[in-house]
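Read top to bottom, the protein sequences are chains A and B. In our numbering, each residue's number is its place in the first sequence (first place is 1) plus 79. In our numbering, each residue's number is its place in the second sequence (first place is 1) plus 567.
Please keep in mind that the hints were generated in silico from the structure rather than gathered at the bench. Certain hints may be false.
Only pairs whose alpha carbons sit at most 25 Å apart, straight line, appear in this in silico PhoX-like list of lysine-lysine [said to hold, decoys possible]:
hint : chain 1 : residue 1 : chain 2 : residue 2
1    : B       : Lys736    : B       : Lys750
2    : B       : Lys654    : B       : Lys591
3    : A       : Lys162    : B       : Lys591
4    : B       : Lys736    : A       : Lys162
5    : B       : Lys738    : A       : Lys162
6    : B       : Lys750    : B       : Lys738
Facing chain A, according to a computed beta carbon distance under 7 Å, are these residues of chain B, among others [what the hints assert, rightly or not]:
hint : residue
7    : Val625
8    : Gly628
9    : Ile684
10   : Leu729
Negatives, chain B to chain A, calculated, CB over 12 Å [unchecked claim]:
hint : residue
11   : Lys591
12   : Ser598
13   : Val724
14   : Met749
15   : Ile774
16   : Leu779
17   : Leu780
18   : Ser789
19   : Leu809
20   : Glu812
21   : Ala815
22   : Val820
Because the structure is a prediction, the values reported are computed rather than measured. Here a beta-carbon is modelled for each residue, glycine too, at the ideal position from N, C-alpha and C.
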Amino acid sequence: MIDQYLYLAVILFVIGAIGVMVRRNALVAFMSVELMLNAANLALVAFAWHHASFDGQVATFFVMVVAAAEVVVGLAIIVSIYKTRRSTSVDNANLLNQ
Amino acid sequence: MNVVFWICAPLMVLGGLGLILFRKAVYSALSLALTMVCLAALYASLEASFLFAIQIIVYTGAVLMLFLFVLMMVGVDTPDSIVETIKGQRILAAVGALGLLGLMIFSIGGAVTAPSIGMDGATVAAGGNVQGVAQLLFGRYVWVFELTSALLITAAVGAMILAHAQRTKPKLGQRAQAEQRMKAYADRGDHPGSLPNSGVYATGNSIATPALLPDGSLAEASISTTLAERGAQVDSTRLRELTAEAFADAQRVRNEEDEEL
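So that you can see chain A by itself, here it is in the shape it has in the complex (with noise of 0.2 Å):
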């Protein structure tokens, strides 16, 4: 009964693993990231429900927590990119490499 949502949080994790790898914007990149952890958060809720427990609810609480901590910073550093280079390709952000 379990299984069905460890799979799906397994499906989404891969697909958000994809999008990382595969989307030049840095916005969907960014976007990814969060189906990611959403589908840990599926996986620790699953785990809560089939063991009875509340911990894992409320590690799924921290860990939003933290995403939201996580994109207001990550949201403030691609725009200051945006300013600075009019672009928000994760690809023309290449300027050590230079």
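Based on the hints, put chain B in the right spot on chain A.
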């Protein structure tokens, strides 16, 4: 519970695929919103009502709206380039994803054999889902909870510092501006007062119509340089002819009336 799962799971996978396949970032964000809402429904079906509300409020309400704001700010119509900058990146990514999928599927398959208990008993024992989460949050995990507040404050301050734009030149006050204007008058003879109005004609008085000087030439300062560069400037000589015709007509009618009297 099974029904909810089999409705939401395909939608979530579709949303996830939309996230990585749509070329436009706004569509990606909306696909992610679909996935998040379905995930909230799954939380509800897994008897995590507190997380169900938080998922909708925090993720679909705050995080995704923040993403959309930033998307609007950086321009929505900048699609991804399809050119591969790293050779064979797509194939390597596909192989890597298949490997990851296989690894996790085979590690999960059959790993959980015990029957699931379900949250019913725990929820009743704690007196409700929110109460159960709160007992842990303010009991065993209270120290972690305090640390998250520090994390959130740090993130907010960090975002403000990152988004803050340093002024490259000092802001000019009223006195400095007046001094600059008088200096331009002394050095180059620029008129220190306000600029002349745009022209008013019988058929038009928009800001794109230049005014005329007493000798009939155009007053260049009466029209914004932006409009002039854009070519939006109206030909004043044509307007002047129209105005002259209108006045001539009026004068003729007046003369005729005078003769009749």
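Okay, the hints, checked on the actual structure:
1. This hinted pair checks out: B:Lys736 and B:Lys750 have alpha carbons roughly 19 Å apart, not beyond 25 Å.
2. A hinted pair counts as satisfied when its Cα atoms are at most 25 Å apart, and B:Lys654 with B:Lys591 qualifies at roughly 23 Å.
3. Taking the CA atoms of A:Lys162 and B:Lys591, the gap is about 20 Å. The hint holds against a cut of 25 Å.
4. In summary, the hint linking B:Lys736 to A:Lys162 is supported, as the alpha carbons are separated by about 17 Å, within the 25 Å threshold.
5. For the proposed pair B:Lys738 and A:Lys162, the alpha carbon gap of about 20 Å is at most 25 Å, so the pair holds.
6. For a cut-off of 25 Å, the pair hint linking B:Lys750 to B:Lys738 stands: about 18 Å separates their Cα positions.
7. The beta carbon of B:Val625 is positioned within 7 Å of a beta carbon in chain A (closest approach about 5 Å), and the interface hint is therefore held.
8. At about 11 Å, the closest approach between the beta carbon of B:Gly628 and any beta carbon in chain A exceeds 7 Å, and the interface hint on this residue is violated.
9. With 7 Å as the threshold, the beta carbon of B:Ile684 comes within range of chain A, its nearest partner Cβ sitting at about 4 Å, so the hint holds.
10. A cut of 7 Å between beta carbons decides the hint on B:Leu729: the least distance to chain A is about 4 Å, and the hint holds.
11. Listed as outside the interface, B:Lys591 is inconsistent with that label: its C-beta sits roughly 10 Å from the nearest C-beta of chain A, within the 12 Å cut-off.
12. At roughly 9 Å, the least C-beta separation between B:Ser598 and chain A is not larger than 12 Å, which violates its mark as non-interface.
13. Non-interface status of B:Val724 relative to chain A is broken: a Cβ of that chain comes within 12 Å, the nearest being about 10 Å off.
14. With a least CB separation of 36 Å from chain A, B:Met749 remains clear of the 12 Å interface cut-off, as annotated.
15. With a least beta-carbon separation of about 30 Å from chain A, B:Ile774 lies farther than 12 Å from that chain, consistent with its non-interface assignment.
16. Non-interface call for B:Leu779 relative to chain A: holds, since the shortest CB-CB distance, roughly 42 Å, exceeds 12 Å.
17. Look at B:Leu780: its CB is around 42 Å from the nearest CB on chain A, clear of 12 Å, so calling it non-interface holds up.
18. Distance check for B:Ser789 against chain A: the nearest CB is about 35 Å away, which clears 12 Å, and the non-interface claim stands.
19. Against the 12 Å criterion, B:Leu809 stays outside the reach of chain A, whose nearest CB is about 45 Å from its own CB.
20. Every Cβ of chain A is farther than 12 Å from the Cβ of B:Glu812; the closest lies at roughly 51 Å, confirming the non-interface assignment.
21. No beta-carbon of chain A comes within 12 Å of the beta-carbon of B:Ala815; the shortest separation is about 56 Å.
22. Even its closest Cβ contact with chain A, about 61 Å, leaves B:Val820 beyond 12 Å, as expected for a residue assigned away from the interface.
In summary, the numbered hints that this structure violates are 8, 11, 12 and 13.
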